[in-house]
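K.L.:
Chain order of the listed sequences is A and B.
So the first sequence is residues 1 to 176, counted in the working numbering.
So the second sequence is residues 1 to 298, counted in the working numbering.
Any given hint could turn out to be false.
[To be verified] Which bits of chain A does chain B cover? Going by a derived footprint, with three or more residues having C-beta under 8 Å, they are:
{"#": "1", "segment": "36 to 44"}
{"#": "2", "segment": "85 to 98"}
[Said to hold, decoys possible] Derived DEER-like restraints, expressed as beta-carbon distance ranges:
{"#": "3", "chain 1": "A", "residue 1": "5", "chain 2": "B", "residue 2": "49", "range": "34 to 42 Å"}
{"#": "4", "chain 1": "B", "residue 1": "32", "chain 2": "A", "residue 2": "173", "range": "21 to 29 Å"}
{"#": "5", "chain 1": "B", "residue 1": "149", "chain 2": "A", "residue 2": "175", "range": "26 to 34 Å"}
[What the hints assert, rightly or not] So the derived list for chain A, only partly shown, Cβ under 8 Å to chain B, looks like this:
{"#": "6", "residue": "13"}
{"#": "7", "residue": "30"}
{"#": "8", "residue": "47"}
{"#": "9", "residue": "48"}
{"#": "10", "residue": "49"}
{"#": "11", "residue": "50"}
{"#": "12", "residue": "108"}
{"#": "13", "residue": "115"}
{"#": "14", "residue": "119"}
{"#": "15", "residue": "143"}
{"#": "16", "residue": "144"}
{"#": "17", "residue": "163"}
{"#": "18", "residue": "168"}
{"#": "19", "residue": "171"}
Bear in mind the hints are in silico, worked out from the structure with no lab data behind them.
The beta carbon of each residue, even a glycine, is placed where N, CA and C say it ideally should be.
Chain by chain, the residues run as shown.
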Amino acid sequence: MATRIIDTVPVDILDGGFALPEASEASTNLLAAIDERQLRAMTSAGNPPQVRSCYLRSTSSNSWTIPLLRPPGCEWIDLAFLCWGTGTITATSTVDTTGTMLDVRNAGTAETSHWVYTAGIIDSAAGAGSGRALKVRSAIAWTYSATSLTITIDDVDSECGISAIATLPIWQPITV
Amino acid sequence: MAYAPIAGFAGAIAGTDSRWQSLITNHGEIQDTLTPPIVDMPRIITSTSTSYQTRLRFYVRRNLAGHSVRFVIRAAATTGTGTLRCYVGGNSNTAAVSGGTANYTIDVTGDDDAECLVEMKVTSGGDSITMYAVQAYLVTDGAEQEWTAVGTRWYTATSNAVPQRVVDDLLNGPALLLQDRMVPLCYHVSDIEQAISGKTFEVWGTENITTQQPIGRLWIPQNDSAIRTCRIDAYTTATGSANFRLQVGSKIISWSSTGWLSTTMEIGPGPLDVWAYVTPTASTNAAIRTLQIWRGDY
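Just chain A, with the same shape it has in the complex (with noise of 0.2 Å):
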C-alpha cells in the first residue's frame, strides 16, 4: 500500500508537449512520469472548480435540489455561495445528510452580495453548523457518477438568496 498526493494546481500536465529523444527507449522513471500525469488528468487537472451562476431567492424556508457530477477520486467538496440577505443555507448530499451549514448575514439585495465558503474537511463528525466541506462519495471511485445535492434557504429574516455556486473538488491522498 502506498500514499499518493495529488497536486491542486497542475499546470504542467495541461501544456503537455513533452517528447523523448529520438531512439530512446522506455525506461522505469518513464513509468511514474507516465503515471503522474494520467493521475493528474483523472482528477485535479481534469476537474478545475467550477463556478455557476443561479437565482434562489426565499423569503420564508425553501429548498431546492441541484445536480452535482461527481469527479473520478473526489469524496469531499468545499462550497461556496455568493448570497444576499438574512438567514442560513444548508447543504446535504445522498451520503451526508447532516450536511454543512452557512450563515448569511448580508442584509441588502443580489447587488451587495458576498461570499461565504465552507472550511474544509474538519471532521467527518463535525456538525452541520460547523460549516465544513460536504462529502459527495462514501467511498473513493474513479468514475464520475451524476448525484444531486439538496441547497436549503432557512432562518430568514426578510430575504436571503444565492446568486452563485461554486463546488470545489476537495484532493485527499489516496492509499493504492
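Since the structure of chain A is already known, use the hints to place chain B on it.
P.N.:
Only chain B this time, still in chain A's reference frame:
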C-alpha cells in the same frame, strides 16, 4: 575487433512488464472516462407555450467527432404534459415530460465546436412544465483528434523494450485529452425568454437605466499556476443599442454587438472576481444571457 552492439544503459523495460500493461490500460480508460461537465446548474424555468421556445443556449468547446452530449434535465409537468428538445449544432433529440419531478436524459450526437440549445413546449393550451436544473456532459464513443490509442500488443507480443513513439503517446495522452475536452471555469446560462424589468440579476439584465450597472458576478478559484489564454463565450440580447462589459480580475473587455461574442483573454492564475456590466439606452433593455469562461482556447 569487430563491432558488437552492447546492452542499453537506461534500464529499458520489456514490453511484457505488467506495469506497462497497467499504464496502457489506464491510457485507454482515461479516454473513455474523462467527461467533466459543460454545465451543471440549477435554473428554474416554466413554459406554457405550445410552440418550442429556446430557453437556454450555451457552447460546447470540444472536438465532438464521435461523441454525444448528454443532457440531464430535472423537470416536472405541473399541468398536462410537455416536451424538452435539446440541440447540439444541427442535431437534436427530445423527451416527453409528464407527472412529478424527475430527471430526463437526452443524448444528442455531437457536432464539432457546437452551440447547444435547450427548448421547451407544452402539449396543449393550459398545460405547464417547469425545468429545475440542467446538467450536460460528453459521452465518449470515438477517437480524438490528436490523442493516439496504444494497443495491447505492446504488452502482450514482445519482450523487447517499448519504443519511444509509444512512450511519447502515453506521456502526452493526458495533456491532449485535457486540451480537447475543455472545461468551463465559470458560467452563467440563463433564460433567453425571461422579460427584463429594472435590474434583473436572474438573467443579468437591466431596463431603462442609462448608466453602467453591475448586473452579474462570478468567481474563478485558483486553478492554474500561471496565466493562460482562456476562451470567453457570451450571448447578449438588447431591444436597442447597448454596451456590455466584462471584468475578470483587472482585465476588461467591452462590446456592443448582440448575439454571440467569442473572444479570448489572458487569465490567471486566480482567484479572480468576475463582474459583468450592461448599459442600455433609454427605454430599452439589455442582458448578458450566457457567459462561459473556458480554461484554455479551443
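K.L.:
Against this structure, judge whether each hint is valid.
P.N.:
Here is how each hint holds up against the structure:
no. : hint                        : in the structure
1   : 36 to 44                    : holds (count 5)
2   : 85 to 98                    : violated (count 0)
3   : A:5 <-> B:49: 34 to 42 Å    : violated, 53 Å
4   : B:32 <-> A:173: 21 to 29 Å  : holds, 26 Å
5   : B:149 <-> A:175: 26 to 34 Å : holds, 30 Å
6   : 13                          : holds, 6 Å
7   : 30                          : holds, 6 Å
8   : 47                          : holds, 5 Å
9   : 48                          : holds, 4 Å
10  : 49                          : holds, 4 Å
11  : 50                          : holds, 7 Å
12  : 108                         : violated, 12 Å
13  : 115                         : holds, 7 Å
14  : 119                         : violated, 15 Å
15  : 143                         : holds, 6 Å
16  : 144                         : holds, 6 Å
17  : 163                         : holds, 6 Å
18  : 168                         : holds, 6 Å
19  : 171                         : violated, 12 Å
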